[in-house]
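Taken in sequence, the protein lines are chains H and P.
If you read the first sequence in the UniProt record's numbering, its first letter stands for residue 1, the second for the next number, and so on.
If you read the second sequence in the UniProt record's numbering, its first letter stands for residue 1, the second for the next number, and so on.
No lab work stands behind these hints: they were computed from the structure.
Only true hints are included.
Any copy will do: because identical chains look the same in the list, a pair fits if it lies in one copy or spans two.
The list that follows gives simulated cross-link-like pairs (lysine-lysine, BS3-like), each with its CA atoms no further than 27 Å apart:
1) K220 with K131
2) K155 with K95
3) K189 with K351
4) K202 with K220
5) K220 with K261
6) K46 with K80
There are 2 protein chains.
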Amino acid sequence: MLGRRIMLVKEKLSNWLMKEQENAIHFLQKTVQEASTTGNETGVQKLIAQKLEEMGLEVDMWYPDGEELAKHPNFCASRKDFSTSPNVVGIWRGKGNGRSLVLNGHVDVVPEGDLNQWNDHPYSGKIIDGKLYGRGSTDMKGGNLSLLLAIQALKETGVKLEGDLYFHSVIEEESGGAGTLAAVLRGYKADAAIIPEPTNMKIFPAQQGSMWFRLTVKGKAAHGGTRYEGVSAIEKAVVVLDAIKQLETIRNDRVSDPLYKAIPIPVPINVGKISGGNWPSSVPDTVEIEGRIGVAPNETLEEVKNELQEHLSKVSDPWLEEHKISVEWFGAQWLPGLIETEHPLMNMLSKNFEDVMGHQPIIEASPWGTDGGLLSHVGDTPSIVFGPGVTSVAHYPNEYIEISKIMEAAEIIALTIYDWCGGENG
Amino acid sequence: MLGRRIMLVKEKLSNWLMKEQENAIHFLQKTVQEASTTGNETGVQKLIAQKLEEMGLEVDMWYPDGEELAKHPNFCASRKDFSTSPNVVGIWRGKGNGRSLVLNGHVDVVPEGDLNQWNDHPYSGKIIDGKLYGRGSTDMKGGNLSLLLAIQALKETGVKLEGDLYFHSVIEEESGGAGTLAAVLRGYKADAAIIPEPTNMKIFPAQQGSMWFRLTVKGKAAHGGTRYEGVSAIEKAVVVLDAIKQLETIRNDRVSDPLYKAIPIPVPINVGKISGGNWPSSVPDTVEIEGRIGVAPNETLEEVKNELQEHLSKVSDPWLEEHKISVEWFGAQWLPGLIETEHPLMNMLSKNFEDVMGHQPIIEASPWGTDGGLLSHVGDTPSIVFGPGVTSVAHYPNEYIEISKIMEAAEIIALTIYDWCGGENG
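Could you build the full structure based on these sequences and the hints that come with them?
Written out as structure tokens, the structure is:
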């Protein structure tokens, strides 16, 4: 009996989505055309808020108080002024008997980078061969559209929910998560969450956290013609790079979670930047190295900081023993996230994936952090990351998203909301 | 008979110098106080020209024609406009029967760098404990003063010369030697030259040349969390640094000249600068390395360029074989210089050194290039580098020169002019 009822729901949702696709993609174009880089999120958030209102949700739009937010130990941002960066939450109150769910997506986008590398205007929203192009399309306005479509499909097909549903449209994910932190501290938590970051339709129950570090390596200046009178900070930096590689091996040898089976380096340490010396014919006396260290889901940020610092303090090099490598933690950091692979929401999402896609989902650990870390650790809301975008084009020129995947993700998520919150087909 | 006559000359010169010291040091203060960085050499050159005139020399002061100069294959400068940078040459015509001599010193100074690292104003000319402080004091206005004092001592003690004497007060040594090139092309060449660069009273018959190179190493960008999907240009730069070290060993194993016996690395390759990547959590796709390669006195610049390029093209690394390291030659370059160790001027200078100092001079190869390379190769004027300054404070904050050494060098040089050009004590 239930089987048939759900079959009916699936069919209704699927049909509705098919009809809605054109409108929906038009809406996505409008949101991509809003260049919502840091500090410029008002336009897109107003579009979202309006959409949520039209859908009949209760809407809360507010400008986070940076001074207040900064008091929280997990606050991490390069600014405290959010006066042009509103958060939006849409609330669909259930009848009170079901599990609650957060659907979380960020609207901030990373800068467009070198314009010459884009084939078109970076905020064109142009559609070519079933792909919608533009900065933020895959990361993650396309994913956000899947969420909105899922909610709208349920609403429009007359579903009533038992549990509460919160749609987070947040700022600041790319810079440390202050938007989600603000939403959680305002009370928008739930029994679980789905975040449609670009996973290429993979399901990520575990998310790698990460932190940025800056190392300063000292040398001793001298004239290049008598370089043996100095100590090259570049040569010493090579010793440090070696030590970092060694630590990466040690840390990854420890990872035994089967979720990481297919991943060559579960928690990489990436050296992203190096700079040192200021004159070709002088021995360089300082090198700065900046990088990102991955944090495993079962680790705390503190543990990882200590491990890196300890490891570097023990580098076996007479010069570096006397001239300690300085370690700074700066910029953004992302908490890792973890939901049990046998969590009911995982099972529902997997099953619905199979129903819609006709094959089993790939279940893995994410190679990057998301706001799921904050939702889990601060908001007590275990989170799954699953979305229609593709990581490989995120943050790159000619970013795009496949429209068909947005629609598929929307259907999978709609069915999962129905299962999780408890739906009644009116 | 001759012995006694020279004894008398030495005594006269020595006495005259002792009496002149105070005036001379006052003049040095004035030249140091002229902050003669690139483009700002007029003030100091006017002082020098006036001094030469007072001493009774013929003075030629002119502004080199950069456009004309740039046609010469050994022109190397970052500018062609010398309209605020005059060259000065003082000419003391001999009676025509002796060997001619160039005395060459540059007036340009390197920038003062970080002012906070100076204990005093960088152009103070202040005297503390027998040392005169200021940018340019050791490199090489103190050495220039030794030259001026040597000439003046000979003049004032009534010496007449057989051969011609040319005093070069040149610009642009620190930036590639356009000043000396201009002097040589204007005809101010001689049978030999002395250049009082800061050798700490060592005699350098051989001078290391040098060139600057810039290497670009390519990688492949990726997200730091999946760094295994990219190729780190920083990791590849480490391979390149290794290859550079290997080449340095190969090149230095070849050097057998006994002049280099005491020098740990006769012709070093110095990596002075590295920079790459632009985001901590991205795999860096480009690294730039800048450095200086020493050129042995028996090498040409072309040979050395080819050797570096060839060596780097053969680095055994699959990625670098497909993504070739790019090599550029940029900035300044200095020709190496060499005079036979048994050259008569070498013998005279050594003997006079011993007479004045009471011990044998140290004879070595210089670890850096001087205008002696241009004098030898373009002006056919073999050059010895010998001066009172100290390399270790050149280009550094709190640069200074010991006054006593200026006076000793002046006496040694005066005697050597007398011997070389042929003097007659009036």
